[in-house]
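With chain A's structure known, arrange chain B on it following the hints.
Protein chains: 2
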Amino acid sequence: MAEKEERVKLLGFWASPFTCRVEMALKLKGVPYEYLEQDIVNKSPLLLQLNPVHKKVPVLVHKGKPILESNLILEYIDQTWTNNPIFPQDPYKKATARFLAKFVDEQLAPVGFRSLVKAEKGIEVAIKEAQELIMFLEKEVTGKDFFGGEKIGFLDMVIGTMIPYCGVRAWEFMGIDMIPEEKFPELNRWIKNLNEVEIVRECVPPREEHIEHLKRNAKRIKSAYKRQT
Amino acid sequence: MAEKEERVKLLGFWASPFTCRVEMALKLKGVPYEYLEQDIVNKSPLLLQLNPVHKKVPVLVHKGKPILESNLILEYIDQTWTNNPIFPQDPYKKATARFLAKFVDEQLAPVGFRSLVKAEKGIEVAIKEAQELIMFLEKEVTGKDFFGGEKIGFLDMVIGTMIPYCGVRAWEFMGIDMIPEEKFPELNRWIKNLNEVEIVRECVPPREEHIEHLKRNAKRIKSAYKRQT
Numbered sequence: 001m002a003e004k005e006e007r008v009k010l011l012g013f014w015a016s017p018f019t020c021r022v023e024m025a026l027k028l029k030g031v032p033y034e035y036l037e038q039d040i041v042n043k044s045p046l047l048l049q050l051n052p053v054h055k056k057v058p059v060l061v062h063k064g065k066p067i068l069e070s071n072l073i074l075e076y077i078d079q080t081w082t083n084n085p086i087f088p089q090d091p092y093k094k095a096t097a098r099f100l101a102k103f104v105d106e107q108l109a110p111v112g113f114r115s116l117v118k119a120e121k122g123i124e125v126a127i128k129e130a131q132e133l134i135m136f137l138e139k140e141v142t143g144k145d146f147f148g149g150e151k152i153g154f155l156d157m158v159i160g161t162m163i164p165y166c167g168v169r170a171w172e173f174m175g176i177d178m179i180p181e182e183k184f185p186e187l188n189r190w191i192k193n194l195n196e197v198e199i200v201r202e203c204v205p206p207r208e209e210h211i212e213h214l215k216r217n218a219k220r221i222k223s224a225y226k227r228q229t
Numbered sequence: 001m002a003e004k005e006e007r008v009k010l011l012g013f014w015a016s017p018f019t020c021r022v023e024m025a026l027k028l029k030g031v032p033y034e035y036l037e038q039d040i041v042n043k044s045p046l047l048l049q050l051n052p053v054h055k056k057v058p059v060l061v062h063k064g065k066p067i068l069e070s071n072l073i074l075e076y077i078d079q080t081w082t083n084n085p086i087f088p089q090d091p092y093k094k095a096t097a098r099f100l101a102k103f104v105d106e107q108l109a110p111v112g113f114r115s116l117v118k119a120e121k122g123i124e125v126a127i128k129e130a131q132e133l134i135m136f137l138e139k140e141v142t143g144k145d146f147f148g149g150e151k152i153g154f155l156d157m158v159i160g161t162m163i164p165y166c167g168v169r170a171w172e173f174m175g176i177d178m179i180p181e182e183k184f185p186e187l188n189r190w191i192k193n194l195n196e197v198e199i200v201r202e203c204v205p206p207r208e209e210h211i212e213h214l215k216r217n218a219k220r221i222k223s224a225y226k227r228q229t
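Going down the list, the protein sequences come from chains A and B. Residue numbers for the first sequence, in the UniProt record's numbering: 1 to 229. Residue numbers for the second sequence, in the UniProt record's numbering: 1 to 229.
Be aware that one or more of the hints could be misleading.
Selected chain B positions facing chain A (in silico; Cβ < 10 Å) [to be verified]:
no., residue
1, V53
2, K63
3, I67
4, T80
5, P91
6, Q107
Keep in mind the hints are simulated off the structure, nothing from the lab. Glycine is no exception: its CB is placed at the ideal position from the N, C-alpha and C atoms.
Same shape as in the complex, but just chain A (with noise of 0.2 Å):
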């Protein structure tokens, strides 16, 4: 019973980048963990015991006990197995990054999936604003091989699936290149360094599904959006 309750579980949904950043960091440190695919719109009794607020994935749940939010999710992880830290021990740098993990998902997200809604008016706007934003990022990562330093780390994680992993894969799709070579040079560099780290590779939704999925998602979006406007 103990034993049972000592396994790892993450509640995820495929497609999703916040299931996927913590899949990463628990390969990354070799957590075995059961996988449990979760129906996002049907939602099991299960995540809303485990998730009560707000009935989302991922969810880990860990001694019996669920954790919650991709990114505390990640602190969790890391504090509990300490091997391959994916955090910075430097207290500033520790801060930035979390800094930059909050501004990804909270300001520079919605900004990059406002260029998808609004394609009809505006889009060069649209565009724009979130390469201002972008350009933080291109900043940070400049002379580095990955966010995190030599190897991947929390920033890698979280911008990595957010950005590369479904930002881009969106736009493309849209017609948008939001992240050109000669504007971005560093990013660039840094999306060709992480598609070559096996994690990564293992983790990611499988390209042609996930097109799939986002225009589903794009689609549904936009009509939401037009009924607003």
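Then chain B, alone, in the frame of chain A:
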């Protein structure tokens, strides 16, 4: 020169709950700091230079470097000055504290806020929505002196500055009893405990001026809201 750069500076605004929680943490740790009050309408060149992304207070400056976002500043303070810990050490308790802080700032605060601007239409619904979320906090503090246990900690600073010393003051002048004793006995007990803590009394904005400030704010927000709808 080195000595000067070592000195901690805090850029803040007197009525900001986010500034207030950082002051509580610095005082609890006994860290001397220079407080620089900011004009949040006509932003100073220093603020724009230190926080180019959000251009917001609070900003903590330590060793000449800016640390941003109040809850991340609390993390930084706790890691840098290790006396009087404000975060729990246990990874699960730490994850829960971080989750609840995010919940209060990003979910509960906007919902509670809505009850002010939507006062004319459907006030009962707005109050009910906010109270459902507040009930999560009631459960969390049950049987404890503080969210942090026997002493105030991270969550007391976050929730304290947001609810009793901001939300409750605003709800009061709107005539809303959002946290009635009979419905939330544990939270009311916690608020009484909090009022007894010297650091808290030193840091919270003075009641009368604060309420005048909140009234002016509510008026501005209401008219902006009306223009939108």
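Quiz prompt | Proposed interface contact between K63 (chain B) and chain A, which counts if any beta carbon pair is under 10 Å | solution = holds, 8 Å
Self-check item: P91 (chain B) as an interface hint toward chain A, with CB separation required under 10 Å
Solution: holds, 4 Å
Exercise. Report holds or violated for the interface hint on T80 (chain B), using the least CB-CB distance to chain A and a cut-off of 10 Å.
Key: holds, 5 Å
Practice problem: Tell me if Q107 (chain B) is really an interface residue toward chain A, meaning its C-beta lies closer than 10 Å to one of theirs. | Solution: holds, 7 Å
Exercise. Report holds or violated for the interface hint on I67 (chain B), using the least CB-CB distance to chain A and a cut-off of 10 Å.
Key: holds, 5 Å
Exercise. Would you check whether V53 (chain B) satisfies its interface hint, that is, whether its CB is within less than 10 Å of any CB in chain A?
Key: Hint on V53 (chain B): holds, closest Cβ of chain A at ~6 Å, below 10 Å.
The earlier numbered hints are all upheld by this structure, with none contradicted.
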